[in-house]
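Quick note on my numbering: the sequence shown kicks off at 1301 and runs consecutively.
Derived by calculation from the structure, the hints in this document are not laboratory data.
Note that the Cβ used here is the ideal one computed from N, Cα and C, for glycine as well.
Honestly, I wouldn't trust all of these hints.
[What the hints assert, rightly or not] FRET-style restraints, in silico, Cβ to Cβ: (1) Val1539 x Arg1431: 22 to 32 Å; (2) Asp1515 x Ser1477: 52 to 62 Å; (3) Asp1508 x Arg1473: 45 to 55 Å; (4) Pro1443 x Thr1529: 31 to 41 Å.
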Amino acid sequence: MISPRLYRAILLYAQLSGGLVAGALAASPPTFGLLTNTTVDGDGIFFSQVVAEDASAVLPRIRLSDAPAFGQAIFLTRTQIIAALEKAESELICTNWTGAERVRVTRHSRAFTEAEVKEQLTALLQRDYVREKGELELRFTRPWHPVAIPGEPYTLRILDLPTLGVSASFITRFELSTTREVIGTWQVAAQAKVWREIWVARSTLRRDQLLSEADVSRERRDVLGLRDTPLALTDPDGVLEIAESIPAGAPIYARSVRLRPVVRRGQLVEAQFQDGTVTIALKVEVMENGAPGQTVRVRNVQSKREFRGKVQNEQTILVSL
1301 MISPRLYRAI LLYAQLSGGL VAGALAASPP TFGLLTNTTV DGDGIFFSQV
1351 VAEDASAVLP RIRLSDAPAF GQAIFLTRTQ IIAALEKAES ELICTNWTGA
1401 ERVRVTRHSR AFTEAEVKEQ LTALLQRDYV REKGELELRF TRPWHPVAIP
1451 GEPYTLRILD LPTLGVSASF ITRFELSTTR EVIGTWQVAA QAKVWREIWV
1501 ARSTLRRDQL LSEADVSRER RDVLGLRDTP LALTDPDGVL EIAESIPAGA
1551 PIYARSVRLR PVVRRGQLVE AQFQDGTVTI ALKVEVMENG APGQTVRVRN
1601 VQSKREFRGK VQNEQTILVS L
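Between the sequences and the hints, there should be enough to build the whole structure, so can you do that?
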């Protein structure tokens, strides 16, 4: 290996004696400075990562070795690097070295913070579990202490979740992995809210009141805290009515409304019996309230016999023989 002192002497001699020595010097092998420490990603260790940068030279991407496992370190000596270059049939001639005798190689790393953990978990739980039920909000019940992870793309996967899924308070376990290795598993305890706009009574609503005429409004509420399924309706419908008394400020549940009956108990309507193309009509008494499409009990006014039929409209009930 040509020492820096000898190199300067040859260069000075070339300047004094002409171009012959300078031409010989120009044909001499390049000098590479081996780094003391370097970091790589999971793709492997490459020649350009273990030598000092040289703005005048573009080094080829020659793979020397596998990357170390995350959290571990390996050492590459000059001899090992030269052997790897020869194995790769590289045209580089590495005989002139400066710098360290060997390089310590570790993986790129960065901090996995609470904000990032929460963001990733929220996105995954929203996509796979909460879906269209509302907008998920998470809060950890215990502080998350940042951990080191590889500085490269990763995948987060849920390993364990309670049978009921995302609830107001739950524990989940998850795993991080890259394309080549599992980074680790962690467990967090979280409190959750699922925000969604729902119908709420602005004042007390009475039973049998039309929903379209009721004093209701849309409010953003945490639906995980509700004891039942809220009413899923874009606009109040004129065919729906309140099925139970609802206090002011309370959410309106799906069970709290029903189709408004078009026939009511005690009402006389026409029952139509159909048998193929033959239709027989007679007067019947309605025994229970019913909306279009619902099946209700009716009674023959003359024979007092009871049977069931489907409500067609406010004057007609269809009976199949």
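Here is how each hint holds up against the structure:
| no. | hint | verdict |
| --- | --- | --- |
| 1 | Val1539 x Arg1431: 22 to 32 Å | holds, 28 Å |
| 2 | Asp1515 x Ser1477: 52 to 62 Å | holds, 54 Å |
| 3 | Asp1508 x Arg1473: 45 to 55 Å | holds, 50 Å |
| 4 | Pro1443 x Thr1529: 31 to 41 Å | holds, 35 Å |
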